[in-house]
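Engineer: Each chain, letter by letter, is given below.
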Amino acid sequence: MAELKINGKSINVDVEGGMPLLWVLRDELDMTGTKYGCGVSSCGACTVMIDGVATKSCTFPVASAAGKEITTIEGIAKQGQLTAVQRAWIEHQVPQCGYCQSGMIMAAEALLDQNPEPTDMDIDESMTNICRCGTYQRVRQAIHSAAKLRANEAELLG
Amino acid sequence: MADQDKKSKKGKWGRRAFMITGGVVGGGLVVGVGGMLWVNHKIKQYTGEGMGAGDSLNAWIRIAEDNTITLAVPRSEMGQGVYTSIPMLIAEELEVDVQKVKIVHPQPESPYANTFLLTGQPRNVYKGMTLMEKIASVLPVVGTGGSTTISDGYDTLRAAGATAREALIMAGAQRWGVDKSECYAEDGHIINKTSKEKLTYGSLAADAAQIKVDKIPTLKAQKDFKILGKPVRRLDIPEKVDGTAEFGIDARPEGLLYAAIRHPEYLGGTIGSVQNIEEVEAMTGVKKVVVLKDGQGVAVVADNSWRAKNGALSLEVTEESNGHEGLSTAGVAAKMKSVIANNEMIATPESEGDVASVIASEGNQLIEAEYLVPYLAQATMEPLNCTVHVHEDRADVWVGHQAPSVIRDKVAAITGIDGANVTINMKYLGGGFGRRAEVDFVIKAAEVATVMKGTPIQLSYTREEDMRYGMYRPAVMSKFRAAITPGGDIAAWENKMALQSVGHSSMMRIMPSQAPDPKDDPMSSEGAAHLPYAMGSRKVAFGDLDLPIQVGNWRSVGSSQNGFFTESFIDECAAAAGKDPYVFRKNKLADHPRFVAVLDKVAEISNWSEPAGDNKFRGIALHKSFGSIVAEVAEITKVGEKEFSIDNYYCVIDCGRTVNPDTIEAQMQSGIVYGLSAAMYGQITIENGKIVEGNFPEYEMVRMNVTPHITTHIMEMDEYPTGVGEPGTPPAAPALTNALFAATGERIRELPLVKHGYSFV
Ligand code: FES
Ligand code: FES
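Protein chains in written order, with my numbering: chain E, 1 to 158; chain X, 1 to 761.
No lab work stands behind these hints: they were computed from the structure. Keep in mind that this is a model prediction, so the values were computed, not measured. One or more of the hints may lead you astray.
Unchecked claim - Quick list of the computed label-pair ranges, beta carbon to beta carbon: (1) Thr-59(E) / Lys-453(X): 31 to 39 Å; (2) His-144(E) / Thr-130(X): 33 to 41 Å; (3) Arg-747(X) / Glu-117(E): 52 to 60 Å; (4) Gly-17(E) / Ala-413(X): 41 to 49 Å; (5) Pro-116(E) / Lys-337(X): 52 to 60 Å; (6) Ser-10(E) / Pro-231(X): 41 to 49 Å; (7) Lys-755(X) / Met-1(E): 45 to 53 Å.
For each residue, glycine too, the CB sits at the ideal point set by N, CA and C.
Generate the whole structure from the sequences, applying the supplied hints.
Structural biologist: This is the structure we're talking about:
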């Protein structure tokens, strides 16, 4: 039995401690926004944030997630208000098939949290997710836009 | 919407137990559309499931009293944008705001047949159907592939919108007691020209559904378009940024169990026996081990995908190699070499003049080259999966698939349930690329679900099973000879290929009755025969390989290799003639102004005539596929010995009239990245009868850090629209390898580039 904190809510799950967090989310909790792509930490489709750090949930045992703040794609919009990253994604019409996009967005959120004004080099280094549809160019543009949106919002909030 | 069955999470309409009766389908409007034959077959062929046909205006359009407009999208959304482009085509003539419509995926029935897939020709909506179109409708062929959605639907969908609009106008005229010429349609309303009164579509829909429009109104001219040809925000994107978009793998019907599968590891192998069924069934969460028919696999059913996978990995099985344990990549290449060397050609799709004697004649320069590409996996981002619930007398299927009409029949055959009682719940496809036109994962899911009758089963391949149980783009060898005159003309061109037939292999699985003999497979030589260049005598032929390797459709199919082969060898011809590769091509396209226009444009936007700059090099390629002409220029920088950065791609497409230009741009970016992944890294290798690569990054993809900046230009045309989803891919590889030739003098005749020691930053 593990007590998880997912998107601000406490949830108890009764599974083997070695089960990767991804499968707890998808199959035990029916939170299907987080995707399976490879299961070996290579593609990034399963990216969530654990204590604010972008983490590949397909290889992260649920036991190690206990007590930490887990944020998934379902939990980033607050009170129905999309985040700057999500809005930039719509603005730039990023997704194609869309399957990799939850992971892409989570990786972008984490990047911008740590580095509010990433350069192209920074983006290259931290955005290692695979998109088989090749949306990379728009992902890059959207991250730059989101950085500006976030900066403007921060200014408005004083 | 009282008849709406809200059993699925997204409120998509489920099965409805009624049949269409009377002389019309769903009201009366469809009768006129394209002389739709299926009207005569409506009871058998069209129940209107998913479109609530009772009060719909026709098979594509339903307007509720509260003004909710629901449009049918019978094609599969796999990233290429049909979820938006189909509504755009209907909305243009229906005069409604495309951002406000609701979308439903209907059951795969006759009105939704993709006749273009079978005929390669658009339908004439003002005439009756041709025999082939009737066949496509009666079967029906409901599928998404070959970049055909727009070519198939461009006129028919606009006609559906126009006909419904006409009925609404007539209903408004009736209501006001005026002539219909006194009324017009605008933004979801019928307006009375004189009184300026307005009626909503919703208030007229029930009346309009009873009106038969016997002539399809004239469709708008391009200059009058309000929606088509302008960038429109995709309707599927909002749910693809907040995690709510449902792919096949996200189906969660009540009581769902998950299944993982172990396929035979040998190509053409079979599983003999399973030694430890009881042991595996005792593992945590495991419910059952199901041995599939004909040794084709063993499935483990559990209450969680991970537990199912662990069960599958724990299976101890014996496997028969069926004599294929010696199969290897090198062996396949040797076979191809011998087919070509021994001239074992089974078909000659193009032959003009006497190539042999021109090549033998003196004075011309003879050049020869042998090209080779490997097997490739589609590697859709969403691993293959299908969810099936077998009930006593019906079955429900949740899946992302390119051919819903085919899988309905397959599920019916496996489960023994009448196809009319098999419901396909079409989900988003996490990539298709041809792999989701295959039926293996659906058949296996249906087999397991039949054993587990009463319980919904989601069968997913792990990434490893997805990659190793492939329907690959075939490995292909292509051997060229050309004679170049002293003046730099191509006097003769010969291309002999060796490959397995994709059409034969895939259709034997998908629809055996339609499977072509390998010699009749047009896909083997597509993009290799009938090139636009002036070439004097020419001969294009291919031979077959009999191998236990399943080959299938892979984005751009034959053009995926033939674009690379021909555009590389043309470049070799240009070099042999001592000509600039752009000028050389252009000079040989005198009779093809559309090709020239595209080529000129790409030269212009890439500044081809200016020096590229220090350590910078360019390569060019031009290829027509799926009706569209695409030219690409790659611009690269040499950063070290065999180390390059791919800085820019310039891409120009002529696809006739455009529907959603923003999607076309996205598809060009997508097609180029897909082609580059193959050029740089892609290879499925065979050793000792088994596939080597099982996951990323052994089968590596282009990622953000190596992606070039892509500039796309779309030619403004007033021609019938052609494909967009695939044509961006074929020129990507040769544009890059031609640039590498410019940089290094090394001609790359075998992909992928990593094999030659190249690396990219
Ligand atoms: S599924 Fe976790 S990185 Fe690919
Ligand atoms: S949008 Fe399809 S994999 Fe990224």
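Engineer: Look at each hint and say if it fits the structure.
Structural biologist: Structure-based check of each hint:
1. Hint check: Thr-59(E) to Lys-453(X), Cβ distance near 35 Å, so the stated range 31 to 39 Å holds.
2. For His-144(E) and Thr-130(X), the hinted distance range of 33 to 41 Å is not satisfied, since their beta carbons lie about 51 Å from each other.
3. Range check, Arg-747(X) to Glu-117(E): Cβ separation about 44 Å, and the 52 to 60 Å hint is violated.
4. Look at Gly-17(E) against Ala-413(X): about 44 Å separates their beta carbons, and that is inside 41 to 49 Å.
5. Between Pro-116(E) and Lys-337(X) the C-beta distance comes to about 57 Å, which sits within the given range of 52 to 60 Å.
6. Taking the beta carbon of each, Ser-10(E) and Pro-231(X) are about 44 Å apart, inside 41 to 49 Å as hinted.
7. A hinted range of 45 to 53 Å holds for the C-beta pair Lys-755(X) and Met-1(E), which are about 51 Å apart.
Hint violations for this structure: numbers 2 and 3, all remaining hints satisfied.
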